[in-house]
Amino acid sequence: DAEITQSPRHKITETGRQVTLACHQTWNHNNMFWYRQDLGHGLRLIHYSYGVHDTNKGEVSDGYSVSRSNTEDLPLTLESAASSQTSVYFCASSDRLGLHEQYFGPGTRLTVT
Amino acid sequence: DAKTTQPTSMDCAEGRAANLPCNHSTISGNEYVYWYRQIHSQGPQYIIHGLKNNETNEMASLIITEDRKSSTLILPHATLRDTAVYYCIVRALNAGGTSYGKLTFGQGTILTVHP
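Going down the list, the protein sequences come from chains Z and A. Read in order, the letters of the first sequence correspond to residues 1 to 113 in our numbering. Read in order, the letters of the second sequence correspond to residues 114 to 228 in our numbering.
Hints are computed from structural coordinates only; laboratory data are not their basis. Glycine is no exception: its CB is placed at the ideal position from the N, C-alpha and C atoms. Any given hint could turn out to be false.
[To be verified] In the DMTMM-like style, the derived pairs of lysine to aspartate or glutamate whose C-alpha atoms are separated by at most 20 Å in a straight line are:
hint : chain 1 : residue 1 : chain 2 : residue 2
1    : A       : K165      : Z       : E59
2    : A       : K116      : Z       : E59
3    : Z       : K11       : Z       : D38
4    : A       : K182      : A       : E144
5    : A       : K165      : A       : D180
6    : A       : K165      : A       : E144
[Stated by the list, open to error] Listed next, the stretches of chain A that the computed footprint assigns to chain Z, with coverage defined by at least 3 CB atoms under 8 Å from CB atoms of chain Z:
hint : segment
7    : 126-132
8    : 156-165
[To be verified] Partial chain Z-side listing against chain A, Cβ under 8 Å, derived:
hint : residue
9    : L43
10   : G51
11   : Y64
12   : Q102
Based on the sequences and whatever the hints tell you, model everything.
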């Protein structure tokens, strides 16, 4: 069955370190998204991609970057982790036109100490 | 995308229908109504979506008023596993538009199903 996976599921890192969160989908979807979820803020869009080599900034993109070298993967990189980036991160994907549902991954809980 | 308003929380007895309202009075003609839910510690899950007609699938029914300014998600026989945060999202689907494919989540409604 097609699926969307995230790794690691839990990560603890130190302030200033570079961290990369992986997202892999086997739906062959063109669209992929990264969200973060914090108490009191709900889900907020970080970056998104409409296809290979396409990336776009979302609502809260500062301190984050993404690259899309193939259809299946959209890794999220925290260039220099900050305590404010402690959060739960969700990856999602949808078909090219975005007409139908977005499929979400299980999430990565990141703690920056 | 149009803004939505949902009650902060609702309760429902197990086995009864859960009716979750959503107001979207500024909805445009090309905007769909989507419902997602998020069970604790899991990723959001798609439930249903519609444009103007009522929709039903294996999970729920979506009732959209004739003027499209509000809608109701109906879980016909709520179970304890339906306890979750339910998000009503209004989104345009214009290819190439600024909201193309993106979802904007509000605070949602916390539904608690009681035994």
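Evaluated hints:
no. : hint               : result
1   : A/K165 with Z/E59  : 29 Å, violated
2   : A/K116 with Z/E59  : 16 Å, holds
3   : Z/K11 with Z/D38   : 16 Å, holds
4   : A/K182 with A/E144 : 11 Å, holds
5   : A/K165 with A/D180 : 9 Å, holds
6   : A/K165 with A/E144 : 10 Å, holds
7   : 126-132            : violated (count 0)
8   : 156-165            : holds (count 5)
9   : L43                : 4 Å, holds
10  : G51                : 11 Å, violated
11  : Y64                : 16 Å, violated
12  : Q102               : 6 Å, holds
In this structure, the hints that do not hold are numbers 1, 7, 10 and 11, in rising order.
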